[in-house]
Structures are given as structure tokens and as C-alpha cells.
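Engineer: Protein chains in written order, with numbering that gives the first Met the number 0: chain F, 0 to 389; chain C, 0 to 389.
Bear in mind the hints are in silico, worked out from the structure with no lab data behind them. Some clues are possibly wrong.
A pair holds if it fits inside one copy or across any two, identical chains being indistinguishable in the list.
Said to hold, decoys possible - Calculated pairs, SDA-like style, for lysine to any residue (alpha carbon to alpha carbon, straight line, at most 25 angstroms):
1) Lys90 x Arg22
2) Lys367 x Asp178
3) Lys119 x Leu232
4) Lys90 x Ser44
5) Lys332 x Phe187
6) Lys95 x Val324
7) Lys367 x Pro182
8) Lys246 x Ala226
9) Lys90 x Ala20
10) Lys367 x Asp183
11) Lys90 x Thr313
12) Lys188 x Ser36
13) Lys90 x Gln320
14) Lys246 x Ala135
15) Lys367 x Pro179
16) Lys90 x Leu21
17) Lys374 x Arg77
18) Lys367 x Asp127
Number of protein chains: 2
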Amino acid sequence: MKRFAVYMLLVLLAGSGPAAALRGSGDLGLVIERADSSIQIIETSGNTSIGRVDQLGDLSHASAVYSRDARYAYIFGRDGGLSKVDILSGKLVQRKLQSGNSIGGAISQDGRLVAVSNYKPGGVKVFDADTLELVADIPATFGNAQQRSKVIGLVDAPGHKFVFALWDADEIWVLDMSDPANPDITRFKGIGRNPYDALITPDGRYYIAGLFGEDGMALLDLWNLPAGVQRILPQYGKGEAKLPVYKMPHLEGWAVAGDLAFVPAVGRHEVLVINMRNWQQAGRIEVQGQPIFVMARPDGRQVWVNFALPDNDTIQVIDTQSLAVIKQLRPGKGVLHMEFEPRGEEVWLSVRDENRVEIYDTANFELKSSMPANKPSGIFFSARAHRIGL
Amino acid sequence: MKRFAVYMLLVLLAGSGPAAALRGSGDLGLVIERADSSIQIIETSGNTSIGRVDQLGDLSHASAVYSRDARYAYIFGRDGGLSKVDILSGKLVQRKLQSGNSIGGAISQDGRLVAVSNYKPGGVKVFDADTLELVADIPATFGNAQQRSKVIGLVDAPGHKFVFALWDADEIWVLDMSDPANPDITRFKGIGRNPYDALITPDGRYYIAGLFGEDGMALLDLWNLPAGVQRILPQYGKGEAKLPVYKMPHLEGWAVAGDLAFVPAVGRHEVLVINMRNWQQAGRIEVQGQPIFVMARPDGRQVWVNFALPDNDTIQVIDTQSLAVIKQLRPGKGVLHMEFEPRGEEVWLSVRDENRVEIYDTANFELKSSMPANKPSGIFFSARAHRIGL
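Just need the whole structure built from these sequences, with the hints factored in.
Structural biologist: Here it is in C-alpha cells:
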């Protein structure tokens, strides 16, 4: 009896360390630490770090999505690695090298499917979110069907859809996975030269791709596919850039506030204001440098902007009513990414070259907290589980 | 040693058990079972019931909000009871009879404070979300300051604010809890006779109260408090009702899709369409009965409507582009409430008189699943933790 009791005690202890304590997963998140191939797991109620998971491969440009129960993060690495991490227990559940080179991914509306956007071989692979088993392999073929295009700008959309663009083929594809055994693809050709990134509006309606090979952007109304792809903002792009373009801005950072979208200009020290009712430019706001991410606080009242070198130590905050810059912060060199807490009271910033993450109060712009992180880049909170297109 | 080991074993066993298994809290929710003073805890990934918590007092008209980690539900009963339930372990953590008669509540932007709207004695009480200790008692005094008004339409707003209306005093108050030790109140007087319910737009900007004592609605722009309360929709209300009003519609059910708000008409078989840019009526949609809840699917493409007696067995679905009724469902007698899964692929309906909850696919309107529930009314999912004004 004594032995059995001690054995049981050890079994129970082994299965119930501090990492496995019962806790809600709604206030969790992760910070990518590229140089260490690791993530830090954080929580936003006390603003603390609660764990680290490493051996996640090449995390350059890595991003993450969350399972519908907000327990698992799917991390998309640059090396084709797809990692499933249990953020409650702080453990790597599974890791799959699913291609030679990939860029980003998405999770389906119902949370059952995870899709990855691949450069090499070009296409999209769709996996079962539970098991990471391959469900569908969608090669991005074009021309004589021997060529394969790099795929960029992969997002989820309502109706169990994924939408993405083909860099080499100048196409946008809508992949309907309502019946996982029979993926249905709608192709839009000749959408403009070299789509390099894309976004979907927060309601999941409009998919917009930026073009590297020419000016303007390609707009697809997912509620009206027969209308096809429309060209908008004919001046948008490098053609109008007054300055050398240090870094193409991230389009997934588009901020939407009411009818207005706030958009990083390419190669200019400006944020553009777009009227989403007619897709015409409605204004320009002069900012400190070349904007990279332009992100709206969840209530849409503020827009936060970070910049390319040499201004990547700076953040500017725009008031969406007056269209004025109302605050400038200097967190330090290498402000790479921002993530708002879901109801917007605080924002987290990665300050890569200072090896820390900073947390600001968005009402008074005070620094609330700071924590060490090794070359932090992307920050992703678990509330993304419940959002369309994230 | 043996005794200690056995003791520890018992301690560990007591603290584990199946209810305490590690799981994410992002796909959880609860269904109010009024007749039993209980809630069912459900999960939306497999659409199953995973527990029940009872002894929650009078749950007529009960509603719930969630802690920022999506672990705890705060349930507001009609008897002044405020109950904190751990939806992960399925246990009642704490219950407080905080007034004689109450109606609804809200949780602050940062999740630290829970506020309850009281009829008797009239006012708002604010509690610490962790301990349920009283943080602030705000009596809704008016006139000679001897009288106290019933409080209705309590919502949270960005900036650690709560907003509510005073039925007897014809006032709207904005309570700023940025400094919990020093609650700051801004009062708006003469906003219209007898505000009976209110809503806040999903961005947390506009607070709108319906008036029982006269026609029209009272609008407060929280981004511009000095502008004061403005009267909108002068025809809205009982004055234009063509039919006896069986039940005043719920305003928190306003659906917002793009620029349009979809609003239950009072006492008419109509849903009104409001242009939120100018707050003018933009259309009327004929429906089956007197609408109660008018709720938008999270992408804003559909609006689902339930009805007062004698049409409370019916649901109609409106397409927000064509403004046409595109589907009619007959789940059964007593369809009291609807809750969309956060990304909108499914919707849950309480069918009170049939003692069941039904779950529909919103793309093809097929019944996906059904589960028994005893006189179910309100349904509340944990993703509400991350939304403004819910």
C-alpha cells in the first residue's frame, strides 16, 4: 500500500506541475524570438512571461494563429515548419516541415483546418488542425501548368474559405474548403503584376493585394465574386515613391476605423487615408518615416504606426477624428511589431534591438511594463482565435 | 512517511478529477436555465454540454459577462444576485446578493471591475472582479437627491467607463472608473422620458437609449461628450405602433453591418434600417411578427430576427445587401435568444418551450445539432470576454 501510494503520488506530481495548472486561455499570447528559434508565452492580465518553447526552426517573418479553444498556437516558420504549441502547458505538441520555404498561414472559420502559404514548392497545403495530417495539397500552377508560383497573402474568410495571391502568376485564388475532401478553387487572372502581400477587411468581405510590379492595388469583393477583381488606388505603389523604398510595408497592418482605412504609403513619409465606400483616397497624413505597420486600436479611435529604418525606434499615434499625429514615442531601436489587447486598453511592442517587449497604456501613453525578450519580433494574442481574417 | 504520502495523494486527487482537466476556455459558453436557477456549461467545438451549475437564484432576464482570461462567468440575476462561476471546473466560486432587484451588468475594459445595474435600491454597484468586494457604490439620486432611480442599459465602454440610464430621472450617466478610488460621473439630464433600455455600438462609441415615455431615441457620442445627448429617429417608439406592443424589443440586439444598423421596430412587423452616418432611417423590412432581437452574424452579411408572441416560434434571416428576408425557420415555441459563434459559422438558439437548444449552420441553415436544456433563455459565449460593450 505504501509503495502504491508513493507511486501514485509520483504519477500525479508528474502530471500536474505548475505549467499544467488550470487556467483560462483568453489572456494568453506569444512573442516570437527569432534568433533563438523560440517563443515566449505571456499573459496580459498581469503582463508577465509564463514560459518559453524552443526548437521551432527558422522564425524569420514568423506568424501565428490560434485554435478555436484558444489553447493551441500554430506557428508558421520561414523554413516550411508548421509547429503546434500548447500554450497552456507550454509544450511543443507537434512540428512538421511541410515545405522548403513558406510564408504565413491561416486557420479556417470553424477552426478545423490550418492552411500554409508556400514559396517552394509554390502552393498551399491544408492540414487537419488536430492531427496536422495533410487534408489538401493545392499546387499554385499556372501557364502551361508546369510552372508553380510562390503564394503570398493567405487569409481565412467566412464560408470556410481561404484566399491567397500568386506572386509569379498575377492571380488571386479563392479556395472553398466547405467540403474538405473536394476543395473548390475559383481563379482570378491578370489581377496585376506581382502581388506581394494582401489583407482582408475585418468583416472578411474585401481582399486587397498590393502589387510590386506596377502601381495600384487589386480588390476582390468576396460577397460578389462574379464582379471579379477591380483595380483601386491607381497611384498607390513604388511609382509614386519619392524616396528609396527601404522595406515594402505590411498590408495586413491596414487599420480600419469606420469608413476609413489607414494605409502605409510606399516609400513616402505618409499614411494614406482611404474612403472604403468608394475606395478613393481621402487624405494623407505626414509622419516621421516610411510606415511599416499601421494598426488601429480595437475601438478605431487611434492608429499606431511604426517605421522602416532609420526611424524604426519611433512610434507615432494618429487620432482618427482629427487625422493629426497626437503622440510620438521612442521605445528604442527596432520596433518591429505591435499587438493591442483585445479591448484596446494596452498595446505590446517588440523592441528588437533592445531585447525587450514594452507595454503601453493607450489612454495616457504611459509605459506600464517592460520584459526581457531575445530579439523579439511578432506578437500574437490568443483572442485572435475569434477574429475573422487573422 | 506512509501517512504523509497517502494524505498527499488524497490532497492531489481532491484537486484534480475530470472536471479540472486542462483545456482551453475559448470555445466555452453557458445557457441560462431560468426555471432551475441553473446554467449549463457548453462547448462549441463539439457542440456538447459539459456541466451544470445550480443554486444561482432568480435567473429571469439573466445575463452574463466573462473575465479577461475567459475562465470565469459573472452572472447577473434578477434578485440582485451576482454569481461568479468557474466555467473550467464547473463550480460556483462566489455568490453575492448585492441588491434587492437588479438587471444586467458589465465588465470593465481591463477586466478588473464588474458593475451591476440595480432597480432597488436604484444605482450601480461596482465590484472587484477577483474578490467581488465592493469597490464603488453609485446611488442613482436625482431631484432633491432624496429620490433614487432605477438604472437600466448598463454597458462598458473604452477608457474604463461604464454608461447607464436612469429610468425615473430621464438621465444618462457616464461613470469613469480609471481611478477606482475616485469614480468620476458625468451626468446628462433631460435626455427624454423613461429610458427603458440601451445599447452601445460595437466600437464603443455611440450609446443609444430607447424611450418608453415618448418617441425617439437618445444618442450620446462618447467621443464627444461636450456635444451632449442628441435626439434621433423622432418617429421611433410606441407612438407610431400600429399594433398593441406585446413586448418592448431588446435594444442590445441592434445589428450593425457596415454603415447600417438594423433595429427592431416597436409594435410593428418591421425591422428598421438606420444609416449610422446621419442617424436617419434608411429603410423598413417587413417581417413575420414584432421583432425582439435583431442580431448580425459577425461578418455583417446576415441579420437574424426573433419575435414576440404569437410568432415566437419563428426566426427570419435578412440579407444585409438586398434587405430581403432570405430564410424562415421554425425551431419551435419560445425562441428567446440567439448567440453566434465568434466567427459566425454557427448560431445557437434557445427554444424555451421545447426544452432544447438548437445549433444551425449559418451558410446553409441546416440544423447541425440539438441538446436538451430546461427552459433555456440567454446564451453567452466566452469570446465575449474580448469584445467592447458586451
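Engineer: My question is about Lys367 and Asp178: at a cut-off of 25 angstroms on alpha-carbon distance, are they close within one copy, between copies, both, or neither?
Structural biologist: The answer is between: 15 angstroms across copies meets 25 angstroms, while 47 angstroms in one copy does not.
Engineer: Taking 25 angstroms as the upper bound on the Cα-Cα distance, should Lys119 and Leu232 be classified as within, between, both, or neither?
Structural biologist: Neither, since 31 angstroms and 58 angstroms both go past 25 angstroms.
Engineer: At most 25 angstroms between alpha carbons: which applies to Lys367 and Asp183, within, between, both or neither?
Structural biologist: between (48 angstroms within a copy, 22 angstroms between copies)
Engineer: When no copy is specified for Lys367 and Pro179, does a C-alpha distance of 25 angstroms or less occur within a copy, between copies, both, or neither?
Structural biologist: This pair counts as between: shortest inter-copy Cα distance 17 angstroms, intra-copy 45 angstroms.
Engineer: For the identical chains here, do Lys374 and Arg77 meet the 25 angstroms Cα criterion within one copy, between copies, both, or neither?
Structural biologist: within (16 angstroms within a copy, 52 angstroms between copies)
Engineer: Since the copies are identical, ignore which copy is meant and state whether Lys90 and Ser44 lie within 25 angstroms (CA to CA) inside a copy, between copies, both or neither.
Structural biologist: This pair counts as both: shortest intra-copy Cα distance 21 angstroms, inter-copy 22 angstroms.
Engineer: Using 25 angstroms as the alpha-carbon threshold, which applies to Lys367 and Asp127: within, between, both, or neither?
Structural biologist: Intra 39 angstroms, inter 21 angstroms, cutoff 25 angstroms: inter-copy only.
Engineer: If the cut is 25 angstroms between Cα atoms, do Lys90 and Gln320 qualify within a copy, between copies, both or neither?
Structural biologist: Classified as neither; 44 angstroms inside a copy, 46 angstroms across copies.
Engineer: Please sort Lys90 with Ala20 into within, between, both or neither, judging by C-alpha distance up to 25 angstroms.
Structural biologist: both (13 angstroms within a copy, 16 angstroms between copies)
Engineer: My question is about Lys332 and Phe187: at a cut-off of 25 angstroms on alpha-carbon distance, are they close within one copy, between copies, both, or neither?
Structural biologist: The answer is neither: 41 angstroms in one copy and 46 angstroms across copies each exceed 25 angstroms.
Engineer: Taking 25 angstroms as the upper bound on the Cα-Cα distance, should Lys95 and Val324 be classified as within, between, both, or neither?
Structural biologist: neither (44 angstroms within a copy, 46 angstroms between copies)
Engineer: One pair to classify: Lys90 and Arg22, alpha carbons no more than 25 angstroms apart. Within, between, both, or neither?
Structural biologist: both (15 angstroms within a copy, 14 angstroms between copies)
Hint compliance for this structure: hints 3, 5, 6, 8, 11, 12, 13 and 14 are broken, all remaining hints hold.
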